[in-house]
Amino acid sequence: MNRKGLTRRDFLRTAAVAPLANAVGCCCTGTKFVPVPEPDGARLTQVARLSKVVLVRDERAVGEGRAHNPEVIQKMLDEAVMALFGERTPAAAWRRIVQPSDIVGVKTNVWNYLPTGAALEGAIKKRLLEAGISEDRIGIKDRGVLNDPLFQQATVLINARPGRVHYWSGMGSCIKNYILFVPKPSEHHGEACADLAAIWSLPIVKGKTQLNILSMLTPLYHNIGPRGFNEAYLWPYRGLIVGRDPVAVDATGYRIIQAKRREVFGEERPLETSAHHIALADTRHDLGRSNPSDIDLVKLGWADDILI
Amino acid sequence: MIPVAWILSALMMTAQNASPQAGLLPEKAAGWTAVPPDKVFEGEGIFEYIDGAGEVYRAYNYRSVVSRRYHKEGAPDLIVDLFDMGSARDAFGVFTHDLEGERWPVGQDGLYQSGLLQFWRDRYFVAVSADAETAESKAAVSELGAKIAAAVGRDGDRPELLSRVPEDFRRGATVRYLHSPVILNYHFFVSRENILRLDATVEAVLAAGGETVGTAVLLLVRYPSPAEAERAFRSFLEAYMPDARTLGGTAAPRVVKTEDGLWTAAARQDEHIAVVFNASSESRARGGLAAALANLESG
Chain R
1 MNRKGLTRRD FLRTAAVAPL ANAVGCCCTG TKFVPVPEPD GARLTQVARL
51 SKVVLVRDER AVGEGRAHNP EVIQKMLDEA VMALFGERTP AAAWRRIVQP
101 SDIVGVKTNV WNYLPTGAAL EGAIKKRLLE AGISEDRIGI KDRGVLNDPL
151 FQQATVLINA RPGRVHYWSG MGSCIKNYIL FVPKPSEHHG EACADLAAIW
201 SLPIVKGKTQ LNILSMLTPL YHNIGPRGFN EAYLWPYRGL IVGRDPVAVD
251 ATGYRIIQAK RREVFGEERP LETSAHHIAL ADTRHDLGRS NPSDIDLVKL
301 GWADDILI
Chain F
1 MIPVAWILSA LMMTAQNASP QAGLLPEKAA GWTAVPPDKV FEGEGIFEYI
51 DGAGEVYRAY NYRSVVSRRY HKEGAPDLIV DLFDMGSARD AFGVFTHDLE
101 GERWPVGQDG LYQSGLLQFW RDRYFVAVSA DAETAESKAA VSELGAKIAA
151 AVGRDGDRPE LLSRVPEDFR RGATVRYLHS PVILNYHFFV SRENILRLDA
201 TVEAVLAAGG ETVGTAVLLL VRYPSPAEAE RAFRSFLEAY MPDARTLGGT
251 AAPRVVKTED GLWTAAARQD EHIAVVFNAS SESRARGGLA AALANLESG
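If you're matching them up, the sequences are chains R and F in order.
Positions 1 to 308 (this note's numbering) are the ones given, in order, by the first sequence.
Positions 1 to 299 (this note's numbering) are the ones given, in order, by the second sequence.
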């Protein structure tokens, strides 16, 4: 590497690792070229455990006008956490996530075109209350979390957001959902948000996240225009992806979005921006696992058009 | 510490008190009526509204954006985002960031796709979109766009640097205008560091996909002075092609075969740098560079 940092040519020299990166959205396809993950072969060969991820779907979860069905979504969440932790009841599973003494911040997402939504937020809160957390020790918030006393004191974080393509980071991911835990989010926009995973090492969040939920109820698979949203590019997938490893959750969601794009466009069409922050969260930041072969994907429920 | 939300709110309020471009937006079009209030953002406040793509508008020095929603009973809402980019060159530049769509006769270089009309005119970049595309909303988007273009009143000049792109690189190509290394890397990754020393005082044109140039990509950069161009050229050579061969004297073009088997050639001429990336052969790299340098000279 030259002394002024990585160039296109430095990445060409490491192109041998591109096949791994491509599995989760690297960026050497199409006309664009942005950095691929750095080689980390030694660590990869030592991977022994798999990251468990649960995909649960129910065709009743979303109705007309994108209306969420709270009862069905509660049931989906319960099934997912039970499968994730190998427990037979939601209560037992949630005891693996929180203790009554915890202060719990639920980092949600309020983007007005596709928010996390009250149904999923309510399902999480219900189980937290049942787990013995008092209401005043539960915060559900997106903007303003950095300066919110409850989030500052939180002992547990739960990360819940919709999966969607994103103009600048490729994918609106669980990893990206923590960008509001920094004072100046735009400082993390470099190289298409390549190093978003670094945020997860900051004291306000480090080691606190016990559950990541990528809502795939109505994901957005394509974006156009300044606001990056068009109703035509949502589809009712009616799923939730749940796991402790945010990278594995995001990588799984991203594969589904890629598959949807292949189905709709009839070809491999790269995202406007590569979602390489997911692969780099694995290979550069060691936050979790992005390679499908490192992910134990458990599929529950409705299987039509599952795309993965 | 002042809460971020307060700062963003303040930015929005400041802009609301001074949004002259709102006067360019009609109250009604095609049976749709404006729904108050307008939303106005400036500075980092844009991330409150636009999320990821806000970075693009900041990279083109946007001044403010006013967003107005239009409603018609039983029809999809329409939204206008009117960006004051401060100059015609930046309005054109931000327009070239996304060139997807079908040519549409509204404003300058209008493009339409899936319910979204985008164009630029004078110092403004305009996006008109429908929440859902129907035949009626498509016609309304077009009419609304035309009204705004008429209110702007006059066309802006394209950046002169575009005219220096050789015809071979221009024909059938995607040509973008930019100042920022962030935007350059978005379309064509060069380096993590700003080795070309791009900034708001520097103009660049990136031409890719030309019909007759194969894989080659041309980057033309214009600096405020020859001395600044020379500093940038040295920086680029040192970081990107230290192993390049010189074609002649010390100030002559450089050429190198890169790790993917393609060729890069670069030269400085007065206040300009020209780089041909990804040429399929050395002769193509050299030929493309020579054409670019000749065009720079001709002005």
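Everything labelled a hint here was simulated from the structure, so no lab data went into it.
Note that the structure is a prediction, hence the values are computed from the model and not measured.
It is possible that some hints are incorrect.
What the hints assert, rightly or not - Pairs of lysine-lysine, DSSO-like flavour, derived with a Cα cap of 27 Å:
1. F:K39 / R:K141
2. R:K184 / F:K138
3. F:K39 / R:K260
4. R:K208 / R:K260
5. R:K141 / R:K126
key: Hints that the structure is at odds with (numbers, increasing)   = Violated hints (numbers, rising): 2, 3, 4; every other hint is consistent with the structure.
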